Amino acid sequence: MTELMLVIIGAALVNNFVLVQFLGLCPFMGASRRVEGALGMALATGLVLTTASGISYLVDSLLLIPFDLEYLRLLAFILVIGAAVQLTEQLTRKLSPLLHRVLGLYIPLIASNCAVLGVALLNSTANRSLIAALFYGAGAAVGFGLVLALLAGLRERAEFADVPKPFQGHAIAFITAGIMSLAFLGFTGFVRL
Amino acid sequence: MSRVRVLMLGGLWRNNPALVLLLGLCPLLAVTTTLVNGLTLGLATLVVVAATNTIVSMMRHSLVAVVRIPLFVLIIASIVTCIDLLTHALLFELHEILGLFIPLIITNCAILAQAETVASRRPVNESLVSGIATGLGFCGVLVVLGAIREVVGQGTLLAGLDLLVGPWAANLRIDLPFDGMLVAVLPPGAFFGLAVVIALRNLIAARTGAPGRRMRTARVRRS
Amino acid sequence: MAATERTALRTLVLVGVIAVGAAALVSGSYEFSRDRIEANRQERLLQELQSVLDSAFSKAALNPTRIQASDPQRLGYEDPVDVYIVQDEERPRAAVFPAVAPDGYHAPIHLLIGVSADGVVTGVRVIEHRETPGLGDVIEIGKSDWIVQFDGKSLTSPQPPQWAVDDDDGSFDSITGATVTARAVVAGVRSGLEFYEARREELFARAADEATDRATENATDRAAEEPVNE
Amino acid sequence: MQFDVAPGPHTAPIASVPLTMRRVLYALAPAAFAHVWFFGSGFAINFVVATATALAAEAAVLRLRRRPTRVPLNDCSAIVTAALLSFAIPPLAPWWIPAFGAASAIVVAKHLYGGLGRNLFNPAMVGYVVLLISFPAELTQWIPPRMGDLDYQHLGFLAHLSYSLTGALPADITIDALTRATPLDLVKEGLRSAQTYSEIRAGSLFGGIAGRGWEWINSFIALGGLYLLYTGTIRWQIPIMLLVGLLFPATLLWLVDADRFATPGFHLFSGATLLGAFFIATDPVSAAESDRGRLIFGAGIGFLTYCIRTWGGYPDGMAFSVLLMNSAVPLIDRYTRPRIYGRN
Amino acid sequence: MLEYTPDRRPTGGLRLPAHKEASTAQPIARGFVPGTLILALQQHQGPPTTPVVRRGERVLKGQVVARARALRSAAVHASTSGHVRAIEDRLVPSVHAIHRTRCIVIDADGEDETRPGSGAAWPKDPEEQLEHIRDGGIVGLGGGVFPTAEKLRPHTPCKVLIVNGVECEPYISCDDMLMREAAAEIIDGALIMRDLLAAPECIVAVERDKPQAIEALLEAGRASGDASLKLADIPTVYPTGGERQLVEMLTGEEVPSTHYPSEIGYICQNVGTAYALHRLVRAGEPLLSRVVTVAGEGIARPQNVETPIGTPIGELIEFCGGYVGDVDRLILGGSMMGYALPNDEMPITKGSNCLIAAVRREVRQDFSERFCIRCGNCATACPARLLPQELLRAARDNDHALLDEFGLNDCIECGCCDVICPSHIPLTEVFRNAKFAHARYQRQEVFSAETQQRFKRHEERKRANVQRGKARQDHLRHEVETDEAARQKAIEAAIKRARQRRGNDSDAE
Amino acid sequence: MLIGTVVLAGLALGLCAVLVLTDRLLPAGRDPVAEQVESLLPRIQCAQCGYPGCRPYAEAIAAGDADINRCPPGGEETVRRLADLLGREVPALDTTLGNASMNRVARIDERNCIGCNRCVPVCPVDAVVGVQQTIHAVIAAHCTGCELCLAHCPVDCIDLVSRDA
Ligand SMILES: Cc1cc2nc3c(=O)[nH]c(=O)nc-3n(C[C@H](O)[C@H](O)[C@H](O)COP(=O)(O)O)c2cc1C
Ligand SMILES: Cc1cc2nc3c(=O)[nH]c(=O)nc-3n(C[C@H](O)[C@H](O)[C@H](O)COP(=O)(O)O)c2cc1C
Ligand SMILES: Cc1cc2nc3c(=O)[nH]c(=O)nc-3n(C[C@H](O)[C@H](O)[C@H](O)COP(=O)(O)O)c2cc1C
Ligand SMILES: Cc1cc2nc3c(=O)[nH]c(=O)nc-3n(C[C@H](O)[C@H](O)[C@H](O)CO)c2cc1C
Ligand code: SF4
Ligand code: SF4
Ligand code: SF4
Ligand code: SF4
Ligand code: FES
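Protein chains in written order, with the numbering used here: chain A, 364 to 556; chain B, 85 to 307; chain C, 305 to 534; chain D, 55 to 398; chain E, 97 to 605; chain F, 61 to 225.
Be aware that a few hints might be false.
Stated by the list, open to error - Simulated crosslink set (EDC-like; lysine to aspartate or glutamate; CA at most 20 Å straight-line):
| id | chain 1 | residue 1 | chain 2 | residue 2 |
| --- | --- | --- | --- | --- |
| 1 | E | K552 | F | E149 |
| 2 | A | K457 | F | D186 |
| 3 | A | K528 | F | E95 |
| 4 | C | K447 | B | E210 |
| 5 | A | K457 | F | E207 |
| 6 | E | K552 | F | E207 |
| 7 | E | K255 | E | E349 |
| 8 | A | K528 | E | D493 |
| 9 | A | K457 | F | E119 |
| 10 | E | K558 | F | D216 |
| 11 | E | K531 | F | E207 |
| 12 | C | K447 | D | D345 |
| 13 | E | K552 | F | D83 |
| 14 | C | K447 | C | D422 |
| 15 | C | K447 | B | E200 |
| 16 | E | K552 | F | D127 |
| 17 | E | K552 | F | E170 |
Source of the hints: derived by calculation from the structure; they are not laboratory data.
No experiment lies behind these values; they were computed from the predicted model shown.
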């Protein structure tokens with residue numbers, strides 16, 4: 364159990380997917396304008412991350428490895444992820460159209476959210492068990508959602524700041540993300556892997 | 085002619101994928117510890133975007149909405165995998181540095197966005213031009229950011245060029261008279277660096293009066 | 305209704321066609337490049353091995369034998385690791401194996417150690433570490449020559465108590481501001497050597513077996529091929 | 055007869071920003087003198103360099119933005135930033151360390167957001183972390199405190215100055231001879247290499263409760279903190295909850311295993327604990343805004359600091375914890391709004 | 097009479113320098129008769145009164161000069177004898193600002209002749225009693241000037257009558273002096289109100305820094321022998337005298353944002369109001385004067401003066417020895433809630449409790465503001481538990497949705513946030529101004545919603561019209577079509593018949 | 061190679077089948093976005109946005125067909141609130157569309173009104189009252205100042221005046 368907790372903490376904080384491993388940055392920057400939107404995106408991505416890591420794991424261990432098809436791993440995983448994302452898109456479009464409009468461009472982009480593919484690939488290279496793979500996916504999702512919500516809050520506040528003209532808009536958001544990533548360096552060495 | 089110019093300008097400057105649309109950030113930030121790394125990945129991305137745009141555009145009439153995303157990523161992924169395998173086999177030296185980054189190209193959102201917004205709606209020639217413009221724009225940012233981070237972070241420029249173009253290029257490496265600040269090569273430095281590049285772009289856009297993207301200005305101007 | 309049925313069908317056909325196309329493309333490239341990639345990998349492995357062996361071994365003539373060994377106590381890996389034995393003719397000349405220095409400042413440090421048959425270090429390289437950039441990363445060969453000081457050392461010279469950094473009255477240079485890192489690497493190399501001392505005979509014997517197996521295999525392969533050639 | 059018709063309230067304001075900032079500086083003064091007493095004049099040199107750079111950087115940015123410079127420069131907030139940064143960096147440091155730290159604090163963390171009051175993160179801590187990441191070697195060169203029986207090699211003011219400016223040390227002294235691990239380093243490494251806490255504590259760098267010298271400096275900082283509380287410059291929520299967040303887990307784990315965990319007293323009087331509690335976490339600009347939010351904010355910093363000290367990769371975690379909680383401030387504020395009078 | 101200390105601490109608030117020593121050093125000055133009276137027709141919250149005197153007419157002290165026509169109104173009386181010089185529009189200070197209102201200007205003749213036979217008896221019938229109070233011109237003297245008769249007619253049964261003798265604002269000491277000198281009358285007035293309201297309990301609240309007033313009230317309370325009376329001594333914190341704050345302090349209950357205290361059973365009356373009611377009921381004297389504190393370093397003899405309503409401020413100042421030194425600001429009200437007057441020509445009204453002639457060093461001068469440093473002092477000081485720093489941002493950003501969320505309309509404009517703000521941001525002024533814009537926004541929202549409804553109805557009707565039109569067309573078409581069909585049939589039948597006939601004919605042929 | 065192709069194609073087909081199925085089975089959602097957008101608009105139905113009323117414009121925004129800066133009466137404030145709702149950048153208000161302000165109302169000049177009744181049906185909020193052949197009047201409390209009636213008066217007897225006047 365502690366092992367699994369460590370997997371989560373490791374993926375969420377120590378090797379935070381976004382700030383340390385540089386995965387999933389596009390939705391991180393794109394969906395962090397408002398806290399509400401960020402929470403929605405966090406939820407959607409979390410869903411995709413966890414399910415995709417589970418399904419990819421099954422595809423890997425039940426299809427690819429038995430048939431010696433590891434070279435198709437990228438293709439197979441991306442297919443699974445694409446399907447999971449499309450499913451999420453359908454779900455949000457039908458169940459929460461507002462979220463769908465707000466996240467607009469970014470839901471399809473979860474498919475190319477590197478974090479999702481990253482989780483799947485990292486799971487298969489790290490030889491995790493199915494449970495550990497799911498926990499790793501969940502940890503990554505928590506870490507992604509956490510920093511997304513934090514950045515959204517900070518960006519809302521930065522809107523009231525008196526930012527120099529050239530830095531207004533995206534640039535100050537990157538500065539803010541940079542300082543967050545400085546702060547997350549404090550977690551280095553937490554889980555000694 | 086002018087259509088081509090518009091498309092090129094769009095990809096390179098007005099709708100630059102990295103600076104304006106903020107797409108493809110992961111490889112952009114992860115890889116740009118040196119100029120050469122950035123350049124290499126930029127070139128590879130260029131090839132992939134151009135190829136994907138062409139293929140998607142060719143089959144744009146037979147696409148179906150529900151499965152469009154899986155199809156796009158499938159196409160992108162197979163092209164990337166092929167490139168990965170082929171460079172590995174044929175250009176081994178190149179693959180030594182590129183190898184790590186190539187699979188990352190699959191998840192470069194800029195490519196998917198191109199497929200979704202351009203290639204699936206436009207004829208092949210326009211899609212190709214747009215793809216090349218996007219790829220070049222992306223590559224340019226990679227190079228600039230890589231250069232900044234390399235100079236600030238380790239006090240060199242063009243280190244490792246020999247791996248890309250041959251041993252003769254080793255002499256092109258420039259060593260600056262300081263050791264560099266580590267923060268530039270670490271993750272925070274990537275964010276700061278990109279912020280600076282975006283700010284520079286804004287500054288230039290403001291100077292040249294070119295209509296940049298309308299940006300949300302600070303909400304309270306008065307103190 | 306009929307229309308939606310038709311689009312569904314079309315969707316499936318489209319996906320099938322593209323998936324088949326993609327798979328064919330990738331499989332084709334894979335078939336095409338598999339052997340070359342394998343060759344390239346072999347080449348890189350040799351390069352890596354060469355880097356921890358002294359210049360007496362030429363890369364071309366390495367011909368290492370790979371065997372698996374497990375020693376979580378001394379090597380720090382739970383799973384069996386690859387140990388490469390370099391032989392010329394019949395005699396084992398040197399061994400290359402990975403080891404972990406678990407006490408790195410931020411995380412365990414992964415080492416590759418080369419040892420000659422008589423237990424003298426021919427080279428050590430750090431393969432992977434998370435030490436503080438600018439402080440602990442001096443152990444990388446690209447950053448400084450610190451790691452070279454292990455060359456020529458063995459468990460008898462210096463004597464085991466001297467296998468420590470000079471801050472602890474040992475005979476290895478420490479690193480200013482990163483004593484912990486230096487201590488960890490020294491301890492890691494030392495326990496790697498201890499593994500080698502303890503298992504040398506067994507490893508060599510297994511390597512010899514492996515080599516003969518391979519030779520016979522090659523021979524039968526050749527024998528199998530010969531009729532075709534005829 | 056005509057009179058001035060200024061809008062109300064007419065009562066003269068009972069607080070002002072420059073006064074607040076000056077009070078913080080007064081409160082830091084005793085600890086600063088103690089620092090100079092124990093660690094030599096390095097602190098003073100660093101403080102002067104940092105202050106000069108901070109003010110120059112502030113003036114430069116304001117000029118560049120064509121903003122008035124007088125009022126912002128007079129409010130002393132840049133000096134507070136410089137002072138707190140100087141407390142965080144080792145006394146023995148080349149001049150460009152405080153200069154670079156102060157410049158990044160003021161330019162990046164403060165003025166990219168528009169100056170006093172707008173920054174999202176604590177500028178001094180941003181400056182410190184940037185330094186720590188970029189120049190780890192320089193930032194770990196701590197020297198042992200001046201205590202009668204330690205084999206301490208003295209550097210006079212001039213020697214300090216010359217090291218700071220040129221990097222040259224007196225002929226017979228090497229940098230290795232001057233520097234020592236700090237008590238936090240020793241405890242962290244010791245515990246990691248399976249020494250017991252009491253074995254580590256036997257070392258000559260330790261005093262009654264924590265590191266020698268450090269305990270005194272921290273006591274003087276606490277004194278300054280009490281002055282700030284007394285004058286109403288800061289309120290109790292953040293400091294008290296920070297200490298609770300730090301000392302509660304510290305006490306708990308120490309009671310569980312006194313060999314493998316440092317005493318709460320050690321945590322209280324080591325590193326940046328009290329400076330952080332009274333001076334850093336209380337930075338009004340980057341802290342949570344409501345009282346309830348401040349309870350969470352303080353407790354979070356304390357707890358994270360304890361975690362980083364005990365399990366993390368750095369000997370002290372105050373700066374990281376402050377920045378981490380700074381990033382959480384908007385969310386804390388959002389979910390801890392006070393209930394308005396008469397609303398449910 | 098029970099004296100007790102509430103065990104609650106006030107929410108927010110500030111301890112401010114009191115500045116009350118000078119004006120409490122001597123007893124209330126009485127017998128001041130001004131040379132002119134300026135009697136505004138609207139000195140209360142509610143519809144204005146109607147003048148019942150003519151130009152040139154001589155009026156006597158206590159005579160009604162303007163009558164209350166509406167329920168929420170209160171009569172105005174001449175506070176000394178004299179001739180009506182004019183009935184004209186003048187600038188008059190009212191609750192929050194200066195207004196131009198119709199006034200009756202009277203040249204006093206100095207005789208101060210009281211209307212003979214004044215002192216109509218206190219009626220028996222409750223309804224008549226309220227009318228009596230309205231005709232007596234009595235309004236809340238705590239600053240709100242809400243007609244007392246209306247306030248004594250609650251829609252919810254009154255649980256507690258609170259007599260407000262807190263007087264927490266700096267400089268003001270009129271209530272303090274009145275409590276010291278007329279405690280028995282105040283207690284009597286309070287009991288009259290309690291009886292009117294049938295309130296089971298009556299709490300007199302006084303701040304702890306007025307020991308003499310407390311002493312006097314306790315004595316008077318004991319003398320009255322009434323068991324429902326209590327005296328609460330409450331901490332000296334501004335603004336616990338605000339009725340919402342006081343209700344919370346005394347009962348722990350909060351008055352919901354959208355309600356008045358009377359709606360949850362608490363009625364709060366100022367001690368001055370109680371005193372005035374006592375005078376009306378026991379002596380038949382309507383509201384003719386009130387105690388006004390004249391204070392500040394710019395006044396020669398700071399003191400409390402029983403001032404006839406309508407006295408021009410300049411005359412009152414003269415009565416107190418005139419200005420000394422360089423008077424910078426003339427403030428009506430306390431230094432927190434009061435506002436600055438441009439000149440001293442305006443009259444004292446029923447709501448004027450204090451006049452401060454302030455020299456420069458006494459009042460806020462520094463109007464240069466810095467950016468908010470988020471110190472949170474303002475939030476700590478806010479008695480309404482608002483976040484002024486957030487309100488400020490929303491107000492400057494004209495973000496009305498946010499203003500609603502952060503409770504702009506819950507701000508009581510007490511000024512605490514303003515005074516404590518180290519960045520010297522004029523928060524109260526910002527909020528005052530924002531409230532106007534916000535009210536417009538809220539009206540607009542209501543209008544928009546109504547408009548939307550109207551549009552919907554319009555559309556529906558249009559659709560219905562169209563439908564009806566279509567239906568009629570359909571019907572016509574149908575009729576036409578059926579006609580057509582019938583005709584067709586008829587034709588066919590005819591043809592058939594014709595054929596038949598022809599067939600028959602041919603057969604026949 | 062063959063097996064790889066088969067496996068991948070199988071996988072792709074399987075996943076697509078799932079997608080197609082769920083797409084069928086899920087009910088199409090109601091679209092509350094348009095409603096939320098509409099609630100942020102001034103709802104005075106002036107049609108200056110180029111749509112016949114606020115609702116159609118709101119629907120166009122929700123469908124992504126219209127930019128959010130086309131409502132002159134709403135002004136910058138409305139643009140900003142829309143941008144917040146939809147998570148977009150804030151564009152500048154399109155000032156070319158008109159300048160209806162919410163502070164004006166129509167007033168019919170009684171001397172000129174010929175009672176033609178043409179203005180009655182065009183007023184979106186039924187603010188004009190009157191029957192044919194009599195003088196018409198505008199209920200100021202209902203009128204939104206949308207200017208729609210202006211163009212329909214054959215004798216130009218409708219003017220916009222400030223609401224306070
Ligand atoms: C930011 C930071 C990073 C550090 N990184 C390392 C490291 O990578 N390796 C190491 O041995 N010690 C590291 N340390 C520990 C200190 O440098 C410690 O003082 C040192 O290990 C012992 O000092 P010495 O080498 O001068 O005896 C680090 C300390 C800090 C504050
Ligand atoms: C518009 C308005 C309506 C009021 N309605 C009532 C009411 O219905 N019942 C009541 O007891 N008080 C009512 N009040 C009086 C208030 O409760 C309060 O006593 C008065 O405003 C004076 O309080 P202040 O001096 O704190 O402003 C009303 C006040 C205003 C301004
Ligand atoms: C901030 C603030 C402070 C107040 N302070 C007092 C006070 O000290 N004494 C007082 O009688 N009324 C004070 N009031 C007015 C009371 O809220 C309330 O209107 C009054 O007690 C009602 O009594 P009245 O109707 O007899 O005037 C204050 C109001 C506010 C908003
Ligand atoms: C109580 C108090 C604590 C402060 N702490 C800090 C601090 O930790 N770091 C800092 O840069 N400035 C600090 N300041 C100064 C000032 O708030 C800071 O420069 C602003 O964050 C700059 O906008 C402090 C000021 C006060 C009043
Ligand atoms: S003026 Fe308003 S916001 Fe300020 S303290 Fe008073 S009630 Fe609170
Ligand atoms: S008191 Fe002033 S500076 Fe402090 S938070 Fe409030 S508005 Fe900002
Ligand atoms: S322009 Fe007129 S009709 Fe269009 S949305 Fe705005 S108010 Fe409604
Ligand atoms: S009366 Fe005219 S201006 Fe007024 S709402 Fe109707 S159509 Fe619009
Ligand atoms: S490149 Fe867009 S999420 Fe990684």
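Against the structure, the hints come out as follows:
1. E/K552 x F/E149: violated (31 Å)
2. A/K457 x F/D186: Violated, because 37 Å separates the two Cα atoms, which is more than 20 Å.
3. A/K528 x F/E95: Roughly 36 Å between the alpha carbons, so the hint for A/K528 and F/E95 is violated.
4. C/K447 x B/E210: violated (48 Å)
5. A/K457 x F/E207: It is violated: about 39 Å lies between the C-alpha atoms, which goes past 20 Å.
6. E/K552 x F/E207: The hint holds at about 19 Å.
7. E/K255 x E/E349: Since the Cα atoms of E/K255 and E/E349 sit roughly 12 Å apart, the hinted pair holds (cutoff 20 Å).
8. A/K528 x E/D493: Holds, at roughly 19 Å.
9. A/K457 x F/E119: holds (17 Å)
10. E/K558 x F/D216: violated (25 Å)
11. E/K531 x F/E207: Not satisfied, since the Cα-Cα distance of roughly 30 Å exceeds 20 Å.
12. C/K447 x D/D345: Violated - the C-alpha atoms of D/D345 and C/K447 are around 50 Å apart, more than 20 Å.
13. E/K552 x F/D83: violated (34 Å)
14. C/K447 x C/D422: At roughly 30 Å apart (the allowed maximum being 20 Å), C/D422 and C/K447 break the hint.
15. C/K447 x B/E200: violated (45 Å)
16. E/K552 x F/D127: violated (24 Å)
17. E/K552 x F/E170: At roughly 29 Å apart (the allowed maximum being 20 Å), F/E170 and E/K552 break the hint.
Violation of the numbered hints given earlier is confined to hints 1, 2, 3, 4, 5, 10, 11, 12, 13, 14, 15, 16 and 17; the remaining hints are satisfied by the structure.
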